[in-house]
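Those protein sequence lines, which keep their order, are chains A and B. Residue 142 in the working numbering sits at position 142 of the first sequence, with consecutive numbering throughout. Residue 449 in the working numbering sits at position 188 of the second sequence, with consecutive numbering throughout.
Among these hints, one or two may not hold up.
Stated by the list, open to error - Over 12 Å on every C-beta distance to chain A, these chain B residues come out as not near it, computed from the model:
#  : residue
1  : Val283
2  : Arg323
3  : Val332
4  : Arg350
5  : Glu369
6  : Ser372
7  : Gln390
8  : Leu459
9  : Ser489
10 : Glu494
11 : His499
Stated by the list, open to error - Cβ-Cβ distance ranges computed for the label pairs, FRET-style:
#  : chain 1 : residue 1 : chain 2 : residue 2 : range
12 : A       : Pro43     : B       : Gly287    : 37 to 43 Å
13 : B       : Pro396    : A       : Gly124    : 25 to 31 Å
14 : B       : Ser399    : A       : Pro43     : 20 to 26 Å
15 : A       : Leu240    : B       : Asp398    : 52 to 58 Å
16 : B       : Met402    : A       : Leu209    : 35 to 41 Å
17 : B       : Leu487    : A       : Arg176    : 56 to 62 Å
It should be emphasised that the hints constitute simulated quantities derived from the structure, not laboratory data. All C-beta atoms in this analysis are idealised placements derived from N, C-alpha and C, irrespective of residue type, glycine included.
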Amino acid sequence: MPGCETTGGRGTKVLEAGDVTRGPRAAWRWRRAYWLRVAPGIPGGAAVILLPFLFFLPLEVVPVFGERIRGIAILIWSASLALSLSLRGGESLRQESSVWPYQKGISLGEMALEDWYLDLGLVGLASIWWALLGALALSRGPPPFPGPLLPFFLLGLTTGAVCHALTLCLSAFGVRRPSDLTILLALLSLLAPILGARAPEWILQVARLTLPPFRASVELHGALRQKEAEEIISSLLHLLVFSGIMLWAGLRRISAWRPRG
Amino acid sequence: MSSSHAPGESRPGGRVAARNLVATYGRGRRARPGLRGFTADFGPGITGLVGPNGAGKTTFLRAVAGLLPPVSGSLEIDGVTPGAFVAARGIGFLPETPLFPGYLTVQEFLSGLHGSGSDEGWSREAGLQSLLRNPLDSLSMGQRKKVALAAALLGTPEVVLLDEPTNGLDPTASRDLRETLLREREGGTTLIVSSHHLDELQRIADALVFVKGGRVAGSWTRRDALASFGTLESLFHHVLREE
């Protein structure tokens with residue numbers, strides 16, 4: 001009796017989990033379409049390319065910058081945060097359209113990780129561009145080129161990495177607009193020493209360890225410029241551990257999630 | 262996509278076995294029972310799932326697709342849980358209202374699911390040549406169903422689940438869908454079709470399962486159903502009236 005049977009065999013069979021992915025070519029194709037048509041889009045891309053020409057302006061006259069190198073660093077940090085938020089912060093990872101890759105045996109966690117790599121790669125490329133022009137803008141005066149190149153590049157990249165890891169984790173847990181919460185946490189991270197000026201030291205340490213290390217990106221930049229090895233290692237560790245934990249938690253969560261269908 | 266069978270090649274479809282399956286939809290206080298002891302077996306061929314609105318047809322399809330974990334009872338495809346089966350071999354699932362990543366074109370979407378990054382003839386077979394460059398969010402309902410069906414059949418899955426596949430389709434598209442399903446059946450696929458369009462099911466289904474109140478109220482081969490009731494519509498009203 002085809003189709004419907006009154007008795008059914010219930011033998012057991014061990015199936016090996018398939019190693020199914022979209023494939024790197026398909027992952028690139030989907031993500032590139034997202035970049036072009038959703039975020040950052042053509043206007044965002046233009047902003048990324050044109051931003052560094054601001055570095056050649058006399059930023060030192062702006063009171064909050066104080067000096068040109070500081071102004072460039074602040075602009076790079078802000079641009080990296082803005083680009084990362086536009087790439088990942090506007091929507092949840094939990095999309096009902098995930099039913100399509102899911103049903104083909106494609107791991108949702110692996111998809112999320114592939115997209116994360118590609119997005120971070122885009123931020124990395126942008127950071128290289130910003131760092132190059134930042135160093136060039138400074139070469140008209142001390143310190144000489146290419147001294148600030150690596151600090152500027154890592155400032156952009158690590159800021160993006162922290163933002164990406166945090167937004168991936170938040171959106172994997174169902175936060176619809178992770179960008180809003182991320183901005184709040186970034187501000188808290190930067191302002192923690194000021195807000196907690198009269199707080200006991202242990203509170204500041206707890207805040208430093210639990211808040212997203214956006215401040216650590218800035219501290220790393222400063223430590224690289226001053227060649228303070230201990231501070232460099234400490235900041236890098238902080239960044240890596242935080243990003244790693246966020247990524248692990250987020251990927252684990254999204255791998256277990258199922259669309260409604 | 263892990264499939265060792267070429268398109269059109271006959272191979273045994275997956276066997277779906279449900280025993281006293283209980284599943285809910287919604288969460289926490291909003292959880293509602295969808296299936297209340299559903300027991301049935303499905304094998305290669307086309308099985309129609311019929312029943313009144315809210316009977317549990319969609320809930321069952323979602324459970325078989327691994328999208329809804331059972332609360333109790335058992336549900337297996339070829340002896341393993343639906344989640345493990347989908348992860349290892351994939352499945353075909355056509356939701357009633359297909360949702361897509363709207364920013365992709367049809368070609369980008371389908372080639373990405375195929376895993377190759379390029380189309381390899383499936384677009385011709387699915388009649389999608391003229392739509393390939395269209396963004397998914399620009400398609401009409403019928404076109405979306407066409408793309409969704411092509412996506413569901415990508416990788417020649419052994420089990421294909423279709424939830425109201427002919428909703429919104431014109432007669433030509435319905436005929437094309439019918440022919441596609443019959444072709445898949447000839448290939449040995451297990452197809453479970455939930456539909457209110459009983460005339461369509463009458464043409465293609467090998468067997469029928471009537472779902473009422475989250476349980477199986479009856480199951481027949483098409484021949485027996487038509488011999489006993491004349492039409493599926495008569496069967497529907499008869500079973501619905503039964504306590």
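Verification of the hints:
no.	hint	verdict
1	Val283	18 Å, holds
2	Arg323	5 Å, violated
3	Val332	15 Å, holds
4	Arg350	7 Å, violated
5	Glu369	6 Å, violated
6	Ser372	6 Å, violated
7	Gln390	19 Å, holds
8	Leu459	16 Å, holds
9	Ser489	15 Å, holds
10	Glu494	19 Å, holds
11	His499	18 Å, holds
12	A:Pro43 x B:Gly287: 37 to 43 Å	41 Å, holds
13	B:Pro396 x A:Gly124: 25 to 31 Å	29 Å, holds
14	B:Ser399 x A:Pro43: 20 to 26 Å	22 Å, holds
15	A:Leu240 x B:Asp398: 52 to 58 Å	39 Å, violated
16	B:Met402 x A:Leu209: 35 to 41 Å	52 Å, violated
17	B:Leu487 x A:Arg176: 56 to 62 Å	50 Å, violated
Of the hints listed earlier, those the structure fails to meet are numbers 2, 4, 5, 6, 15, 16, 17, in rising order.
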